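Protein chains in written order, with this note's numbering: chain C, 1 to 321; chain G, 1 to 321.
Hints were generated in silico from the structure; no laboratory data involved. Being a predicted model, the structure only gives us computed values, none of them experimental. Please note that the accuracy of each hint is not assured.
One copy or two, it doesn't matter: identical chains are merged, so the pair holds either way.
Capping the alpha-carbon separation at 20 Å, the derived lysine to any residue pairs in SDA-like fashion look like this [unchecked claim]:
id, residue 1, residue 2
1, K305, A261
2, K135, A25
3, K248, K273
4, K135, S23
5, K250, Y33
6, K135, D116
7, K250, K267
8, K84, Q255
9, K84, A96
10, K306, D263
11, K305, A8
There are 2 protein chains.
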Amino acid sequence: MHSFQALAEQFESRFNVRQFPDSPATLYDAAQYILQLGGKRVRPVAVLIGCELFAEINNDAFQAAKAIELFHNFSLIHDDIMDKAPLRRGLQTVHAKYGESTALLSGDVMLVVAYDQLLTIDSTNLASAISLFNKTAKEVCEGQQLDMDFERKNQVSLDEYIHMITLKTSVLLAASFQMGALIGGADAIDQQHLYDFGKNIGIAFQVQDDYLDAFGNPDKFGKQVGGDILANKKTFLLIHALEVADQKQKKELNQLIEDDASDKVEKVLSIYKACKADQWADLLKKKYFDMAMVHLDQINVTDNKKIELRKLADYLLQRDT
Amino acid sequence: MHSFQALAEQFESRFNVRQFPDSPATLYDAAQYILQLGGKRVRPVAVLIGCELFAEINNDAFQAAKAIELFHNFSLIHDDIMDKAPLRRGLQTVHAKYGESTALLSGDVMLVVAYDQLLTIDSTNLASAISLFNKTAKEVCEGQQLDMDFERKNQVSLDEYIHMITLKTSVLLAASFQMGALIGGADAIDQQHLYDFGKNIGIAFQVQDDYLDAFGNPDKFGKQVGGDILANKKTFLLIHALEVADQKQKKELNQLIEDDASDKVEKVLSIYKACKADQWADLLKKKYFDMAMVHLDQINVTDNKKIELRKLADYLLQRDT
């Protein structure tokens, strides 16, 4: 079994070349630009790890890994347009640099190129691989739409939020693992367990992300702490706090959301703490982590093959165990 | 052989049902909306005609026809966003009705659903069908980008314009015919001839479209005559006129493009006529029509099977012969 780092390097050596034709440069330079902004490449490595659980990593796995990473970047380009985000990883977003129309179009063509990568997969797995890819792609679009819908809703339940965040962020990680397993020849049951492992890790990661945005160490988190609070983003913390707060706290929270007081972050955080939303989030993250482990345990390969998956889960969820 | 009308009705009976899940309605209602704006369904019928040239029309042909029509509508949604167009077929565009973000996303999901339709195609043709679809989809994106690039260029040569318009509009018609032929079991040579037939018909159609925008009968054309002139759109007529006009005419044309005189349309038309751009366009359209016929002639099926293709070409190019 290769380590995450080793697989990330193997992937990068194949991916860190131009993925598009030269011309028209106005279109394809914009597409290539976002691929060079980097990233941890968690999803393509998940494809490779998923494959190596059942077989040696072959070219099909690398092709599927590329397709998944291209899809991820397609969704980033279009999400950034929708969010009107000026920056990604500290650099200009595609639409900020190349204009909205070219960004839109470079996202479109990147999605098509993702399907190109899948096309070289061995014919025995081709239809299943594209089918999984399609299902996931539709779910990611649905998740993004629900996220936008929620911005206009006054109240979002925890179940609704988990459903949205699962579609928007977790299913792609889940499908990456399953795609690798499928190519590695895993049966349907093992594929499903690996999918559910990835899905639960993804949800736990999102709980952690919401937590760190509020309570993280600004030096380590890499984003502005309190950014979600300032943007009135519905997060695990806000939704839970609104569910468990007493009348007075709820009134104060809603007031803080409506106004833009200078001490908004500080005041919201103190309500979160009074509601014990921080402790609750920690338990919730653990719950999803544990569910992921139950699925990992049930996969029908020897335990020593699962070591890298456990390490990846620990790494993503910042567990020092 | 079935008539265009009969095939259009057969297609419509399969297509005129909801093509998307019910939920989230905010996403899928927007996608379904544009499909109900209608249209002549030329491209899906081209798939069916292409298939019937070589075999009986089967379910795979209908699936491919749906995929092509979904792709076409995906590109319309995104083009309308880029063009900031308020209306399509006299009704609100998707982004005007549902907002830009939802329009963008409903286009994305429609492209994925197009691939879903292709997935049911028999495994012997699956990879070839998706490969043709991908090549075409990339070309359509490239064509749209070049069209935007040309808006910012002072001079565009006739060759550059033909290249752009071929990618933006003709290759999809060409690929529709080829897709049908592929599913009908045609060999590579016949597929290529049918593709080239479609491509040349598509270019001839665009020459005609540019011509009618300038010289058409307003009652018949269905769009504002002179719209291209008012929008300073680079068309076959403008590009040719700038190539053949004398110094005085060229200066006047460029002046008219820069200013917005109230008699702009009238004055530009009189220069077009003085340059004989109208007669030239008619000959150019005939040239592409004739090339299409040369390719049709070479397809290795009996002549009586080609009757519907000739009728379709005559209908699209308004030939009463």
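Checking against the hints above, which ones are violated? 1, 5, 8 and 10
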